[in-house]
Structures are given as structure tokens and as C-alpha cells.
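K.L.:
Produce the complete structure using the sequences and hints provided.
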Amino acid sequence: MGSGIFTQSTRAARWTAAGAAMVMAGVLAGCGSNGGSGGDGGTLTAYVYGDDAVKVQQAAVEEFNKTSKVKVKLIPVPGTEYVNKLRSAMGSPSAPDIFYNWGSGSIKPYRDAGQLVDLTSTVKNDATLKDGFLPSIIEAGSLDGKIYGVPMRGMQPVMLFYNKKLFAENKLEAPKTWEELQHAITTFKDKGITPFALGGQEKWPELMWLEYLLDRIGGPEVFNKIQSGDASAWGDPAVLKSAQTVKELVDGGAFGKNFNSVDYGSGAAPTLLSKGKAAMHLMGSWEYSTQLGKAPEFAKNDLAWANFPTVAGGVGDPANVVGNPTNYWSINSRTKHKDAAIAFLKTMASKSYAQALVDNGDVPTTSNAASMLSGSPNPQFAKDQYDMVQKAPSFTLSWDQALESGVATPLLTEISKLFAGKSTPEQFVAAMKAVK
Amino acid sequence: MSHVSSYKKVRGGRKAAAGNVGRPSVAWAVPGIVFFALFAIVPLAIAVYLSFCRWDGLNAPTPIGMGNWTRLFKDPEFRQAAWLSLLLTSVSWLFQTPVALLLGVWAAGKQRSRAVLSAVFFIPLLLSTTAIAMLFHALLDPNFGVIRTIGPWFGIDPNIMGSSTGALLTVAFVGGWQFMPFHTLIYQGGTRQIPQVLYQAAEIDGAGMLRQFFHITLPQLRHTITTSSVLMIVGSLTYFDTVLIMTRGGPGTDTTVLPYLMYRTGFQTYDLGYAAAIATALVVVATALSLILVRFSGFGNMRSTREGM
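From first to last, the protein sequence lines are chains S and F.
For the first sequence, the working numbering gives the first residue as 596, with consecutive numbering after it.
For the second sequence, the working numbering gives the first residue as 479, with consecutive numbering after it.
Honestly, the hints are just simulated from the structure, not real lab data.
Check before you lean on any hint, since a few could be wrong.
[To be verified] Only pairs whose alpha carbons sit at most 27 Å apart, straight line, appear in this in silico DSS-like list of lysine-lysine: (1) K1028(S) x K552(F); (2) K1017(S) x K588(F); (3) K1031(S) x K552(F); (4) K650(S) x K1031(S); (5) K946(S) x K719(S); (6) K1028(S) x K895(S).
P.N.:
Okay, here's the thing in C-alpha cells:
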């Protein structure tokens, strides 16, 4: 491992694999120019997902560097490139010492390659870490009962966002049952309003629907089995029923006619909701800050949120939640400054760090968060979100993070085929069972 | 070749020096060869090697023999992607060649405002592919893009990116829009090389504009057409950025062309061995197509378009 020549040549190989695809060159340039040199000269490089929240981590790094001899150097990687760049870097000698991740399946390849520091005993023997976070959150990021990550950002449950004004005008309330949902769909359709905004050009917003449907129909156990590597669990009747429900929703016009060419990243789907062209939007809790940024008036006056409704005949607890419990820092086993890295991770449990997250509009996963939420930019939203997660009997991690990329990528492709009407629910199930 | 030998003849005739002076020594080619080997041959060889391995990018590659290749020939996704690539290539060629040829011939003339318009036509080539793709993506947004207003005037469904045919045609159109100026430039250069005496002779014989175009310009551009077509075909076969940004291979997998399938397999699924197999197949197909084209167009034997002049 780590032989320089090999890495050079594999990088060259990727060049060819990229062949004439020019954009690849950009990706590689990204890989080549990373500043991390594996912790030489008393620095720890830390990769973090580059979005607005980076400023919170940057502040924590500056605070830590004031007292520590080993300095942390934060490298924000632009969101869409993050997974790729991390993967390329981890296969090279210039891997980061500390890196942001989603826990569970997203770090499994690194764990399997022996690249992660096992933090189980560190967390168990350290009161700050052990009692600092909600236990369900620590657990959600672990792999086979072992802890590899320390929570470092806010929680991101998927919620049903809706336009309060449209609901009031049509004398509706947030749907709690499938019947109420159907009623809302029909009402809005008759008014020429798209019931649900959906950024179907990107596949993950579609995935959220399947995640909640399977949870409500079959309970979290079905996905747990799938996650444990049992491909036959895709054959569970609840999976088929969920896929059929998706088809019914699509055919019934719940997402309108053109969701296939609607984007999320460019803001098209959130704008549908804020402009009143769509009534509801199933999205991660970041939708709130997205709306606050793009349509502040709407976010303050008309944006409301609720739990995903029950599905008729389903066995899942309607209090269950899916989404990203939080994000984690993990430590590269090749780091030269393991103790310093652990010391940095411990600062994540501090009250001042949690406070910084709250000020940024995030809901921290620390156990002391509840008392701080009144200081959030929107206390009601923060509190509802915290309660929702706190009360949830189960918090299923987003499937594309919970599963390894070898399964997650085909899954996203199959889901997009299902939504686009290119495959039937039966074909979806068969295709997923066949993925190795 | 012909160039070199005539050069030799001239030198030999003058008996300037010893026999081997006609050609520069091999040493002159060393920098080029080294560069080419390092950045083309070696990586290609490694990609071929990787296509016989299982590799996740983290651990060392494990050789698995023909595994990836047998999978390739049975994979319906690969078959669909290959078909879509051929379709995209054909559509692109049929769209770009006539327009670029006519524009190029026009731009080679001496009309008024020709230089200004040529410069305007050239602009798309100066923009980055990513910027162009994002621009068209915004224009074609079914709810907020201009397509919502303008589309119905021409009977186009604003959901064009949501339909399989529409998405593929859009990708071909955007690619064509971007690269047409380049091919126009090639044709412009080619047309300007045609000796004026041919046109003068034709005029004396009473040939009009159309006959001049079909009997002089077009045959004289034979090699230019081959050059442009090879570039176009290889370019379309490896067309990737626009697909990534505009359609992400969708709806479903209906614009998942070979390079995008390779990207998805390599950099999203991290099945780099299989991705290398797809890449190698792509190299083989693209090379074969250009060879066939060169062979059957008579480009290979370098028959001059000016024989007898």
C-alpha cells in the first residue's frame, strides 16, 4: 500500500479511463492539487463538505489551533465533488487525516481497506464524547457495532414541507394519513396546482419517497436487512408495495407531468413550492435554510412542515424518520498525529461548538442541544425538528449513504427508471435483487 | 510521405552532403515520443490491464481474467449505452456536417459583413462546455425556462428534457451548437485552398453557382470532409460533459451514452475494473470507426485532390 509508483500509474490509468471525456481532466486536476500531505510538519488535513456550514467548522479549527501544537488545516471540497475527491485521495498517499462523512455504508469501503481508526473504546471511555451526543446518533453512524465517527454537524431528517397559504385557501390540513394525502392530491390537481414538487432529474429526491414509503409500509426492519447485505430482502412484499405506490403516485399526477426535467440543485424544485406552483415538497430539513435564502418572505410566512403520513395497511411507526442523522468526522488510520486528531474530535462535543451550529440554523445532535434551541434563527423549526428526531423510534439513514456505492448507484438508476415509467415495480424489484 | 521524399530528391539532386542527410535524425522525435508514450500509450496499457482486474480504487487491483469482458458482452446497460452513443454520433454528424459545410463555404467568400458574422458564429466555441450545458439547462427548465413560453409556439413540449427522444436530441443539438464553429473553420480553410482557376474555368464553361458547388467545391473538400467527420465522430462518441450536466443520463437511462456509463461505473459505483473495460471498448470502437472512415474515403492513400493540375 502507498507505493508511490503504483499510485502514479493508477492515476495515469484513470486518465485513460477518462479517455477523451474532457471533464475528467478537471476531476483529476482536483485530485492532484490537494494540499494535504498526510500530516507532515505537525499538520492535520481535514476534508469537509464545502457548503455554507463550513464557517462553523472553520471557527472550531481556529479555536483548536490556538492551543494545539499540531495544527488542523481545513480543506472544504465543493459538494458535488466531495465523494469523488475523498475516494481518490484515500487511494493515494495524499489522503486527509480527518474527513467528513455520513457514517455507515459511506465509510464501509475505507473500513474494509483498514483505513479507519476504530474509535469505539475512545468514545466509550471518554465522558465528554460518550454522554455528549444523542446515543441514537452515534449508533446510526457506526458499522457492525463499532464506532468510527464523531458527530460534527446538525441533524437532517427528511420532512414534508408544505405551503401553509395554499392549504388554508383550500381548507386542508397537513395530511396525517394516506387518505388525507390522496384528498389533498385531488384537491390541488383540480386547482391546477402540482401536489408535490419533485426534482426528478436528480435521483436522490426520488429516493426519499421510496425510503419513507418502505418505512411506513414494512417498518424499518426491511431496510435494515437490505443494509446488512441481504439482497434477497429486496424481494420483501413491502418493497414491491412501495414501488407500486410510487407508480400510483406518478400515474395519478402527484408530481405533475414534467418532474423528470425538474432540477433540485439549480433551485427549480424549491421555487415551485415557494411560488405556489406546487403545494408540498418532501425534502431534507435543509429545505428550510434553502427557502430562507431564496425566498425569505415565503420561508417566514407560509412555509410549514410535518411528518410523513401513514400508509394504509402499513406496519411502520408514523413517528419513524428517514434522512441523515448527522455527519461525522472519521480519522484516517495512516495519520501521524492520532492523539491530536482525537483531541480535535472531542471539541465537537463542546457547548460552544453546539452553540455555533445553533446560530447557523442547524440543530446539533449533542445531548445538551434542547436548551439552546430557543436561540436559533427559527426556534419553532429547530424545536420541531429536534423533537421529531428525539421521539423517533427509528432513524433510517438515507439509503444512498447507508449502502455501499456498488449497490447505491444501481439503486438510484433503478429508482429513476421507476419514476420515469421506464420500468415496472416488478422490474424494479427484480433488478435490485440482481445487484451484487 | 510525399513531402519527405520530394525533399530528399531535392537534397539528393544537389548532392549537398552524405546520403543520410535527407531526414532529420530520430533524436528529434524523442521528446514527442516520450510525451506520447507517457501520456497516451502507458495509460492506455494500464487501462487495458485494469479491464482484466477488479479494483475499487482503495485496495490493490486483483486480476480476475475475462470477468469484466464477459460481463460487458452480456450487459444490457452496455448494449443500450453503445446504441445510444451510435445514435448520438449519427444525429450529431447529420446535424453538424451540412450546416458547418455550408457555413464554411460561405465564410470562405468575400461578402460584406462576412468577417463580422464569422466572428459571431465563432463565439460558442470559446465558451466552456460546462457553461453552455448549464445555460441550456436553465433555458429548458419546464417551469421557469424560456422553453415554457417559446416551446408551444413551435409545437415543442416544454418537458422536452423529460422525454427520451427529446433529451437525446437536445444533447445532440447543444453539442452541435458548440462545435459547429470549429468545423465551420475547418471547411472555411479547406474551401480557401481550392484554386481559383477551377472556378474561373467553370465560369467560362457556363457553370452556375450550384454546379460550381457540386462539381468543384464539394469534390475538392473531400479530404476536409473526412477530417471533419473523423473529429466529429470521435468527439461525439466520447461526448460526456453535456450529458452529465443536462440529463445525468436520464430520463431513466435513456441518455446514458458510453462515456457516461463509464463515468457512473468508475466514479460513482467505483467498479474501476469494469469501467476500464468500457473505456477500452470505447477506444477500440472509436479507433476502428476512424480507420474505416479514412480507408473508405480514400484519405489513407493521400490521393491528391489536385491531380493533373
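K.L.:
Run every hint past the structure and note whether it holds.
P.N.:
Consistency of the hints with the structure:
1. Only pairs whose Cα atoms come within 27 Å are accepted, and K1028(S) paired with K552(F) is accepted, the gap being roughly 18 Å.
2. With a C-alpha separation of about 53 Å, the suggested pair K1017(S) and K588(F) falls outside the 27 Å cut-off, and the hint is violated.
3. Simply put, K1031(S) and K552(F) have alpha-carbon atoms about 16 Å apart, close enough for the 27 Å limit, and the pair holds.
4. Distance check on the hinted pair: K650(S) and K1031(S) sit about 40 Å apart at the alpha-carbon level, beyond 27 Å; violated.
5. Under the criterion of a C-alpha separation no larger than 27 Å, the hint pairing K946(S) with K719(S) is consistent with the structure, at around 19 Å.
6. The straight-line distance between the Cα atoms of K1028(S) and K895(S) is roughly 45 Å, outside the 27 Å bound, and the hint therefore fails.
Consistency note: the structure conflicts with the earlier hints numbered 2, 4, 6.
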